[in-house]
Structure formats: C-alpha cells, structure tokens
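S.K.: Spelled out from the first residue to the last, the chains are:
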Amino acid sequence: MSTATNEDRGRLMGEMPIGATEPTADTALLPSSTPVQLIDADGRHVHDDRYPLPDGESLLSAYGRLVTGRRINDQANALVRQGRMAVYPSSHGQEACQVAAAVVLDDQDWLFPTYRDTVAVITRGVDPLEVLTLLRGDWHGGYDPYEHRVATQATPLATQLLHAVGVAHAAKLRGESTVVLAMCGDGATSEGDFHEALNFAAVFHVPVVFFIQNNEFAISVPLKHQSVAPSLAHKAIGYGMPGERVDGNDLAALLSVLGIAVDRARDGGGPSLIEAHTYRMQAHTNADDATRYRSADDVERWVPRDPVLRMRTYLTALNLLDGDGERSFSDQADSIAAAIRNGLNLEVEVNPAELFEYVYAEKTSQLREQAEQLREELARDAAGAGEQPGDGTEGDTP
Amino acid sequence: MTQTTDAPVRETTAAASRSTSTSTFAKALNAALADAMEADASVLMFGEDVGVLGGVFRITDGLTARFGEERCFDTPLAEAGIMGMAVGMAMNGMKPVVEMQFDAFAYPAFEQVVSHVAKMANRTRGKVRLPIVIRIPYAGGIGGVEHHCDSSEAYYAHTPGLTVLAPATVRDAYVMLREAIASPDPVVFLEPKKLYWSKEDVDLAELRRTYDEGEAPRRIGRAVVARAGADATLITYGPSVPTALAAAAAAAEEGRSIEVIDLRSIVPFDDETVCESVRRTGRAVVVAEAPGFASVASEIVARVQERCFHSLAAPVLRVTGFDIPYPSPKLEHFHLPSVDRILDAVDSLQWED
Ligand SMILES: Cc1ncc(C[n+]2csc(CCOP(=O)(O)OP(=O)(O)O)c2C)c(N)n1
Ligand SMILES: [Mg+2]
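As you go down the protein sequences, you meet chains A and B in turn. If you read the first sequence in this note's numbering, its first letter stands for residue 1, the second for the next number, and so on. If you read the second sequence in this note's numbering, its first letter stands for residue 1, the second for the next number, and so on.
If you're looking for bench data, these hints aren't it; they were derived computationally from the structure. These numbers were taken from a predicted model, which means no experiment stands behind them. One or more of the hints may lead you astray.
What the hints assert, rightly or not - Pair ranges (Cβ atoms, derived):
| no. | chain 1 | residue 1 | chain 2 | residue 2 | range |
| --- | --- | --- | --- | --- | --- |
| 1 | B | 68 | A | 107 | 50 to 56 Å |
| 2 | B | 68 | A | 298 | 19 to 25 Å |
| 3 | A | 348 | B | 228 | 43 to 49 Å |
| 4 | B | 250 | A | 348 | 53 to 59 Å |
| 5 | B | 122 | A | 372 | 32 to 38 Å |
| 6 | A | 372 | B | 93 | 45 to 51 Å |
| 7 | A | 77 | B | 127 | 54 to 60 Å |
| 8 | B | 306 | A | 345 | 22 to 28 Å |
| 9 | B | 339 | A | 238 | 41 to 47 Å |
| 10 | A | 363 | B | 128 | 42 to 48 Å |
All C-beta atoms in this analysis are idealised placements derived from N, C-alpha and C, irrespective of residue type, glycine included.
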C-alpha cells in the first residue's frame with residue numbers, strides 16, 4: 001500500500017516546494033506572499049528566480065490557443081442569445097487558466113474539468129461539438145472521457161476532485177506515469193469533498209495537481225464569505241502539500257507554475273495546490289443577473305488585466321507577433337467558431353430509446369418493459385399523425 | 001357528491017376572484033418567509049446565494065435588506081455545513097429555514113438530515129426538537145441540465161422523523177410554508193420549480209391575516225380534493241398536480257368524471273381523504289414524476305389497495321417517470337407523466353365490467 005509513512009512525511013516536509021530555493025521545513029509548503037507573475041498587466045516581463053519564463057515559441061503557440069479560447073466563449077454566448085444553446089457558463093477573462101491547464105499536460109495525463117472549463121476541454125483536443133452536447137441539452141455528456149483523458153465536466157461542486165485522486169492512485173498502482181490535473185472554483189473549496197480530496201491525495205502521495213481558479217465569485221457570493229484564510233493556496237500546508245498562488249491572467253506564469261507542479265507530480269513529488277487569481281468577467285451563466293450583487297466598476301477594474309491583451313502586448317513588443325501572425329491566429333479561431341456555429345445550427349435528433357440503454361450494463365426486465373412501452377406510445381403517436389410508425393424508435397440502439 | 005369534513009374541496013376560483021391581486025408561487029413563498037420572520041425573531045434564513053442575490057429563484061428576495069444580514073445570510077458553499085449548523089442553531093433556540101439550491105445539491109447534506117435532523121427528537125426522548133425547514137427547489141419540467149431536476153422525495157419520505165411537504169398552488173405555497181416554519185418537527189419543503197412562475201388570484205395580505213388568525217385550514221397531513229369527480233381518482237402531488245388536472249379536464253370532455261386529489265403533505269399521509277375518494281369512485285391512478293420503483297407512488301398504491309380493496313373495480317395503477325436518471329432537456333418530455341399517459345391509464349381501469 002502506498003500510504004505515506006513517517007519517513008515519507010519527513011521527506012515531504014523537507015521537500016522542495018514548487019519553485020522554492022530555500023526550503024525550511026513546513027514554511028516551505030507555504031505559497032508566495034503575492035501571486036507569481038512573469039508578465040505584468042502592461043505586458044512587461046517580471047523576473048522570478050523560482051519560475052523560468054517559457055520560451056517564445058511556447059508562448060506564441062499558447063497565445064494562439066488563448067485567441068481561440070476567447071472566440072469560443074464569444075461564440076457560445078452568442079449561441080445562447082440566439083436560443084441555440086440552453087445555458088453557457090463563460091470563462092471570459094479566465095482563458096489563460098483554461099489554456100494553461102490543458103497545455104501543461106501530456107497525452108497520458110488526465111484533466112478533471114468543471115462546467116466552466118469548456119475552453120480547457122476543447123484546448124485539450126476534445127471536439128467542440130461533443131463538448132457542447134451537454135449545454136445544448138441533447139445528453140448529459142457528449143464526449144468519451146477515455147479518448148482524450150478528460151473526465152466529464154463536473155456540476156456537483158468539488159466531487160470530481162476525489163475522482164481525480166482515485167485516477168491518480170490507480171495510475172500509481174498500475175505503474176503509469178500519469179499526472180492528473182483537477183480543476184475547481186473558489187466557491188467549491190468550501191465543500192467537504194475539497195478537503196477530503198486534498199487529504200487523500202497527500203496521504204496517498206499521488207500525482208495530482210489541484211488547480212483552483214479563484215475568480216472571486218461563487219454565483220453571487222464573494223470570496224470573503226467562503227474563506228478568511230490568507231489565500232486559498234495557504235490551505236495546502238494543512239494537508240502537508242505545497243501551495244502556490246499565481247496571477248491567473250498571466251499565461252506565462254500559469255504555464256511555468258503549473259508546468260513545474262506537473263513535473264514534480266510526475267517525478268514522484270506528490271500533490272500540490274495551485275491557486276490562480278483571476279476574475280469572472282461575465283455573469284455566472286446567462287441565467288444570472290450579476291448587477292444584483294456587483295457593480296460595473298468592480299468588473300471594469302479587471303479590464304486592463306485582460307489575459308489576451310497582455311500576451312499580445314508582450315509578444316508584439318518582442319516582435320514574436322506581427323499583423324500576419326495575429327491574422328492567422330484569428331483565422332484559426334474563426335474557423336473553430338464557424339464549426340461550432342454550423343454544428344449547433346443543425347438540429348440533432350436524439351433517439352428516446354437511448355434513455356434506457358446505458359443505465360445498467362444489461363437492461364433490467366423493468367427497463368425493457370418501459371422501453372417497450374415508450375416505443376409503442378411513439379409508434380401510436382406517429383401512426384396517429386399519419387406518419388410511418390416506429391420512426392427512429394424501433395428496437396434497441398447499440 | 002359526498003364529502004367528509006376532513007376532505008375540503010379546494011377553494012374555487014370564483015371565491016378567489018373576489019380579490020383583485022395576483023401572485024406567483026415564488027412570490028407567495030417569499031411573502032411567507034417575510035411574514036414568518038416578522039412574526040418570530042428566532043426565524044432565520046440561510047444558504048447559498050440567498051442574501052444579496054435573493055436566491056437563484058428569488059424566493060428570498062429582499063429579506064436581507066429588510067431583516068438584516070443576521071436574519072438572512074449567505075454561508076460558505078457547503079450543504080453539509082449548512083445543515084449541520086442549522087441543527088446546532090435549532091438546538092439553541094433558533095428556527096432555521098435553509099435553502100438547498102437545487103434538489104441534487106442537497107445530497108451533500110444527506111448525512112446530517114438522515115442521521116441527526118430526522119433522529120434527534122427520538123434519540124433524546126423529545127428533549128431536543130429541531131424546528132428546521134429545509135427548502136428544496138425540486139423536480140423537472142424546466143429544461144434543466146443534469147443534477148437540476150431530481151425528484152428526491154422518496155429519500156426523505158423513507159426517513160422516519162421528517163415531515164415532507166410538496167405544495168402545488170400559490171395559496172398552499174404560502175400557508176404550507178408558514179405551517180412548516182411553525183412546526184416543532186423538521187420539515188422537508190419541496191418546491192416544484194416548474195410552478196414557481198405559476199399565478200393565481202390571491203391577496204397575500206388577506207392570506208396572511210387568515211393564517212395569523214388561525215382561519216386557514218391546516219395543510220400538514222391534509223390532502224385536498226383539487227377537482228371533484230365520480231368515476232375515478234387521480235392521486236398526485238407537487239409538480240404533477242397541474243398535469244393531473246389537465247387530464248381530468250380532457251377526460252370530462254369525453255364524458256368521464258375524474259376526481260383529483262392533491263396530497264400536499266406526503267408525510268404525514270392523509271389516508272382518510274385518499275381512501276374516502278377511492279371508495280367512492282372505485283378506481284385510482286397515482287401520478288408522480290419520480291421514477292416509479294420503490295417510490296412515494298408505490299407507497300400510495302400499497303396503502304390504497306390495503307384499505308380500499310373491496311371498493312376497487314380495477315388494480316390501482318401508476319403513471320410515473322421511468323426508472324432512469326432524469327433525462328437531458330431534449331428528452332425530458334418523453335419521461336414526464338403526460339395527459340395522454342394519464343388518460344391511457346384511466347382507460348385501462350376495466351370499465352367494461
Ligand atoms: C454541491 C453543489 N452545490 C451547489 C451547486 C450550485 N452551484 C453551481 S455553480 C455554483 C458556484 C460555484 O462557484 P465556484 O466554485 O467559485 O466556481 P465558478 O462558478 O466561479 O467557476 C453553485 C453554488 C452545485 N453545482 N453543486
Ligand atoms: Mg468562483
């Protein structure tokens with residue numbers, strides 16, 4: 001069994017925390033006093049001894065994904081307004097976190113996203129139309145989690161963090177070098193499952209990176225009602241794992257901090273907790289009226305810290321990005337947005353016989369009976385409407 | 001039509017239309033909370049987004065502004081925490097009303113509900129009673145995504161010690177929430193989401209007066225005849241009441257007189273009103289949108305056949321949701337009890353004999 005022994009614990013405590021140079025036992029598990037930043041809001045590089053700046057090529061390619069991420073949010077919001085999609089929890093303003101969470105992982109790794117992390121899921125390679133199946137209301141999930149190693153987008157808050165620990169623990173037992181990156185929001189850190197997941201991860205010393213996007217709100221509730229800890233990353237020390245905080249609108253810092261945490265986990269260094277400081281620029285979802293609980297001024301303060309703008313300024317100043325480059329990223333984003341638009345404008349038929357198909361590996365006799373009842377009803381309706389009976393509902397689907 | 005004294009027929013719209021104001025189901029709940037908080041300083045409201053926002057369904061709208069943050073407040077985002085804290089506050093003289101944001105998000109609180117809220121009075125031989133109201137926006141029919149449409153009543157109804165209520169009309173929403181808050185026992189108060197925006201001619205000030213003066217007929221443990229009829233009885237509650245009424249109206253056009261019983265109170269269960277009706281009509285169908293297997297509907301069928309067997313002309317049938325996880329928005333209409341399904345069930349009640 002791989003529970004932490006006392007020896008492990010001693011090793012843990014003395015271990016290099018993420019990016020630390022001078023570990024001093026337990027205080028080494030504490031996050032930096034201010035969020036790690038490598039590119040400031042004006043697009044200038046800020047030096048940090050602990051965290052190297054990713055090279056220009058990586059930054060440029062990640063920037064392209066950032067542009068696409070922003071476009072996906074804009075497109076999804078538009079589709080909701082047009083009634084093509086029921087609901088969309090937008091990550092507008094949080095795209096740097098979304099992109100970084102996906103690109104720091106290798107193919108054999110796992111991503112555990114929430115409902116707000118659609119851009120991260122698409123960035124990891126999942127087909128956008130399969131991702132949006134859920135939000136269009138066709139089915140509760142649209143992609144095969146095994147295909148790209150992306151778990152379903154979790155709605156019951158913080159529950160997925162324990163699943164992430166389980167996947168990582170199984171990977172360890174199976175001798176795989178898989179790392180699991182598990183995402184949650186600031187509000188979700190109040191749930192019991194959050195605490196249990198961190199404790200399990202630390203005790204079993206598993207390769208999980210917990211990644212909190214602190215966007216300052218849980219629907220209407222501001223962070224101060226969730227926690228009065230110095231930061232959410234400070235919670236890590238209570239479980240015996242390192243915590244770190246990072247500017248959540250700084251793609252370079254996110255890539256560096258998360259990248260080091262992933263490497264550390266892969267090298268057997270155990271779990272860690274990363275808190276990204278960002279902001280939910282839009283309402284919780286289209287169904288929410290944010291003017292009831294925050295002012296336009298509050299939101300306005302975050303506009304200059306926009307993650308896309310910041311990277312563009314930085315890359316342009318270094319001549320890594322010019323008009324042509326910008327256009328080609330923009331075209332790429334446009335083509336993905338167009339694919340989403342066209343896909344969602346097609347009406348997809350979902351066979352109601354599927355309702356009974358997956359509940360058990362083998363249908364119970366009750367479910368067989370109920371499936372037959374629905375099939376007969378629909379056949380009768382179709383006949384009554386003068387159509388061919390049984391269309392699309394005949395027999396069992398695979 | 002015969003009527004026992006305990007089986008009131010729902011006030012007719014003719015009586016209600018004397019008043020000029022209308023109210024939604026949501027507004028009636030909001031007024032009941034405000035009136036209860038005004039009447040009793042120990043009544044508190046807390047949960048997720050119930051403060052400044054007024055709840056995601058606006059049921060607590062304006063309560064923080066009116067009564068202050070000590071009386072209506074947001075907690076950290078943790079349902080087990082909300083429920084556990086409610087237990088402690090109730091032990092120390094408060095009457096907490098808590099909101100679980102959606103049916104499926106009440107599950108983290110389940111341990112507190114089942115292990116303590118429901119059992120405390122029994123454990124302490126009645127020394128510690130927990131006058132907690134657990135408000136839960138519940139059930140489907142709103143095109144909600146997964147975890148936003150569960151019919152979770154059976155879990156609670158199966159737990160001795162809990163009162164379980166599900167109002168279906170604007171008037172009942174008001175009076176039953178007032179009664180729930182006044183009850184010495186813990187109450188699970190299920191608010192059918194799809195009825196939040198339903199409207200009735202109701203004067204809430206008048207309703208408040210009748211409640212405060214003890215003139216409102218008691219609802220906990222009392223079903224009501226929502227529509228009188230002679231040929232068969234539909235027994236239903238909460239979100240399925242309007243569907244059952246629509247089915248009865250459709251049946252009337254075909255010359256069949258259907259009675260509809262709105263249970264209102266799942267626990268305690270009003271055997272008397274239900275059985276009086278079924279004995280009179282001789283036929284019954286139970287309608288509920290929860291999966292039928294091991295459900296509240298199963299319990300009703302069992303009770304009716306145990307008590308009314310010799311008056312029955314046909315087996316008691318059920319029209320329920322299928323035994324599947326609640327479907328996606330696109331498919332939910334295949335799952336929910338419909339007028340047609342209810343009429344089919346009524347048609348098969350052995351009329352030819
Ligand atoms: C267990 C549970 N309780 C309540 C909810 C309802 N809910 C959905 S999102 C949300 C706020 C979550 O805030 P946060 O974790 O900060 O994530 P964000 O939405 O800001 O990304 C709430 C209360 C839920 N989904 N699950
Ligand atoms: Mg948040």
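S.K.: Determine for every hint whether it applies to the structure shown.
M.R.: Going through the hints against the structure:
no., hint, result
1, 68(B) / 107(A): 50 to 56 Å, "holds (55 Å)"
2, 68(B) / 298(A): 19 to 25 Å, "holds (23 Å)"
3, 348(A) / 228(B): 43 to 49 Å, "holds (45 Å)"
4, 250(B) / 348(A): 53 to 59 Å, "violated (32 Å)"
5, 122(B) / 372(A): 32 to 38 Å, "violated (45 Å)"
6, 372(A) / 93(B): 45 to 51 Å, "violated (57 Å)"
7, 77(A) / 127(B): 54 to 60 Å, "holds (56 Å)"
8, 306(B) / 345(A): 22 to 28 Å, "violated (55 Å)"
9, 339(B) / 238(A): 41 to 47 Å, "violated (56 Å)"
10, 363(A) / 128(B): 42 to 48 Å, "holds (47 Å)"
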